[in-house]
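If you read the protein sequences in the order shown, they are chains L and W. Counting with my numbering, you get residues 206 to 419 for the letters of the first sequence. Counting with my numbering, you get residues 206 to 419 for the letters of the second sequence.
Just so you know, the hints here were simulated from the structure itself, not pulled from any lab data. If you're wondering where the values come from, they're calculated on a predicted model, not measured in any experiment. Don't take every hint at face value.
[What the hints assert, rightly or not] Just so you have them, the derived chain W footprint on chain L, three or more residues with Cβ under 8 angstroms:
#	region
1	217-226
2	313-322
3	374-387
[To be verified] No more than 25 angstroms apart at the CA atoms, straight line, and that leaves these computed lysine to aspartate or glutamate pairs for DMTMM-like:
#	chain 1	residue 1	chain 2	residue 2
4	W	Lys419	L	Glu226
5	L	Lys418	W	Glu409
6	W	Lys351	W	Asp372
7	L	Lys351	L	Asp327
8	W	Lys269	L	Glu273
9	L	Lys418	W	Glu346
10	L	Lys419	W	Glu239
11	L	Lys419	W	Glu238
12	L	Lys419	L	Asp394
13	L	Lys323	L	Asp294
14	W	Lys323	W	Asp295
15	L	Lys418	L	Glu273
16	W	Lys323	W	Asp294
17	W	Lys208	W	Glu273
18	L	Lys418	L	Glu373
19	W	Lys419	L	Glu273
20	W	Lys269	W	Glu325
21	W	Lys418	L	Glu409
22	L	Lys345	L	Asp372
23	L	Lys351	L	Glu367
24	W	Lys419	L	Asp295
25	W	Lys208	W	Glu373
26	L	Lys418	L	Asp352
27	L	Lys269	L	Glu239
28	L	Lys418	W	Glu239
29	W	Lys323	W	Glu339
30	L	Lys208	L	Glu239
31	W	Lys418	L	Glu239
32	W	Lys418	W	Glu346
33	L	Lys269	L	Glu238
34	L	Lys269	W	Glu409
35	W	Lys418	L	Glu238
36	W	Lys419	L	Glu262
37	L	Lys269	L	Glu226
38	W	Lys208	W	Glu409
39	L	Lys419	L	Asp352
40	L	Lys419	W	Glu409
Every residue, glycine too, gets a C-beta built ideally from N, C-alpha and C.
2 protein chains.
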Amino acid sequence: MSKLKVCAFTVSIDGFGAGPEQSRQTPLGVGGEELHQWMVSTRTFRQIQGSAGGTEEVDDGFTKRSFENIGAWIMGRNMFGPIRGSWPDDTWKGWWGNNPPYHVPVFVLTHHARPALKMEGDTTFHFVTGGIHEALERAKEAAGGKDIRIGGGVSTIRQYLEAGMIDEMHLAISPIFLGRGEALFAGIDLAAAGFQRTEHAATEHAMHVVLSKK
Amino acid sequence: MSKLKVCAFTVSIDGFGAGPEQSRQTPLGVGGEELHQWMVSTRTFRQIQGSAGGTEEVDDGFTKRSFENIGAWIMGRNMFGPIRGSWPDDTWKGWWGNNPPYHVPVFVLTHHARPALKMEGDTTFHFVTGGIHEALERAKEAAGGKDIRIGGGVSTIRQYLEAGMIDEMHLAISPIFLGRGEALFAGIDLAAAGFQRTEHAATEHAMHVVLSKK
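I would like the entire structure built from these sequences, with the hints used as guidance.
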């Protein structure tokens with residue numbers, strides 16, 4: 206059955222999934238890039254970026270799995286870009302160039318309608334103005350039985366968590382603190398939500414934890 | 206110079222340093238005991254409890270260091286015991302039996318005066334009603350140039366953090382979530398407080414991070 210999953214999502218030891226003050230220069234907020242050191246150094250991530258080499262151990266395993274059996278993505282508008290309010294034009298096409306690393310339909314949550322955007326490599330961005338339920342319905346249809354991955358950011362994950370709709374989360378805790386930023390779990394009771402820890406592994410760069418619904 | 210330190214303090218991936226509903230049966234709150242699996246299995250901890258064996262690697266190293274060069278402890282009243290309000294009598298002598306694992310003066314923050322309590326093995330509990338500054342002053346005097354360790358709990362650490370008085374913190378992030386409990390860092394900006402990460406290490410049981418003042 207198709208699962209709604211969070212994969213390879215990183216939080217700091219003080220609980221932030223992104224730094225403050227996201228901008229075109231700092232897509233992950235101030236200090237946010239450092240969160241992802243564990244992933245950036247993996248073979249899988251380097252391959253996606255067209256480079257060779259990289260680590261092949263636990264960190265790479267989780268990175269690889271995060272792309273497996275994914276039929277559609279859902280992401281928040283802030284993950285798609287730094288623009289707020291209505292779209293000034295159709296120039297902004299995401300952070301990822303002409304061939305984004307998704308290769309499946311991607312449903313972007315936004316309050317501002319925009320025509321679907323077909324990119325190279327089978328990625329199409331669909332802009333959903335009807336909220337998280339509509340986005341999930343459309344993603345399910347598009348995914349053809351495969352899993353749906355919520356990319357982020359924090360606010361999108363929190364909305365799906367609070368609605369009780371997430372089946373599985375792989376989190377990587379990075380050994381850094383950010384001080385400020387977007388808190389992933391503040392006010393959310395993961396135990397009451399029915400999660401249990403089904404897997405964990407530690408590396409020099411991150412502590413990996415998989416939470417699944419009972 | 207004498208430092209004010211937090212050592213071997215464990216938090217869950219959702220940021221809790223203790224579970225909810227502390228009681229005589231659950232000194233660390235519901236689910237809180239599980240936080241400390243990394244420490245309980247070490248050789249040093251087992252020795253303290255009079256047992257042999259135990260792990261001797263990274264987890265043990267941090268446990269060992271947490272007791273080194275400590276001249277005095279400061280702890281909150283809830284770490285000392287489950288009783289709230291005024292002391293009904295002098296019967297409660299801490300969770301640790303007649304010979305507590307401190308062996309130095311321990312300053313207990315409380316609103317309710319009580320005579321000092323001399324235990325076996327050179328531990329004396331002093332009950333401080335004048336707040337965190339008074340407790341630190343008295344601990345410094347007693348420590349004779351050695352370091353002062355803040356035992357906990359969460360509320361005591363937060364008070365000293367907010368006052369900008371902590372020099373160093375060794376935190377162990379345990380690969381569990383509690384859902385509810387006492388949040389260690391909520392609303393506290395560790396970066397603005399002047400900390401930097403000076404050490405980190407990962408094991409199967411915990412991610413260790415040392416934060417020190419710049």
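* To do: Would you check the hint for Lys208/L and Glu239/L, treating anything up to 25 angstroms between C-alpha atoms as holding?
  => violated, 29 angstroms
* Take a quick look at whether Lys351/L and Asp327/L sit within 25 angstroms of each other, Cα to Cα. => Roughly 16 angstroms separates the two Cα atoms, so the pair holds.
* To do: Assess, step by step, whether the Cα of Lys351/W is no farther than 25 angstroms from the Cα of Asp372/W, and give holds or violated.
  => OK: Lys351/W and Asp372/W at ~13 angstroms, within 25 angstroms.
* Asked: Taken at face value, is the distance from the CA of Asp372/L to the CA of Lys345/L at most 25 angstroms?
  -> holds, 14 angstroms
* Take the C-alpha atoms of Lys418/L and Glu346/W, compute the straight-line distance between them, and say whether it is at most 25 angstroms. => violated, 52 angstroms
* **Pair hint Lys418/W and Glu409/L, alpha-carbon separation not exceeding 25 angstroms** => With a Cα-Cα distance of about 23 angstroms, the restraint between Lys418/W and Glu409/L holds, given a limit of 25 angstroms.
* Hint consistency between Lys418/L and Glu239/W [alpha-carbon to alpha-carbon, up to 25 angstroms] -> Measuring from Cα to Cα gives roughly 20 angstroms; hence the hint holds.
* To do: Mind checking the alpha carbons of Lys418/W and Glu238/L for me, to see if they're no more than 25 angstroms apart?
  => holds, 23 angstroms
* **Pair hint Lys418/L and Glu373/L, alpha-carbon separation not exceeding 25 angstroms** => Holds: Lys418/L and Glu373/L sit about 6 angstroms apart, inside 25 angstroms.
* Asked: Within 25 angstroms, alpha carbon to alpha carbon, are Lys269/L and Glu409/W?
  -> The hint holds at about 21 angstroms.
* **Satisfaction of hint between Glu339/W and Lys323/W, Cα-Cα up to 25 angstroms** => holds, 20 angstroms
* **Restraint check for Lys419/L with Asp352/L, where alpha carbons must lie at most 25 angstroms apart** => holds, 18 angstroms
Checked against the numbered hints above, the structure breaks hints 2, 8, 9, 19, 24, 30, 36, 37 and 38 and satisfies the rest.
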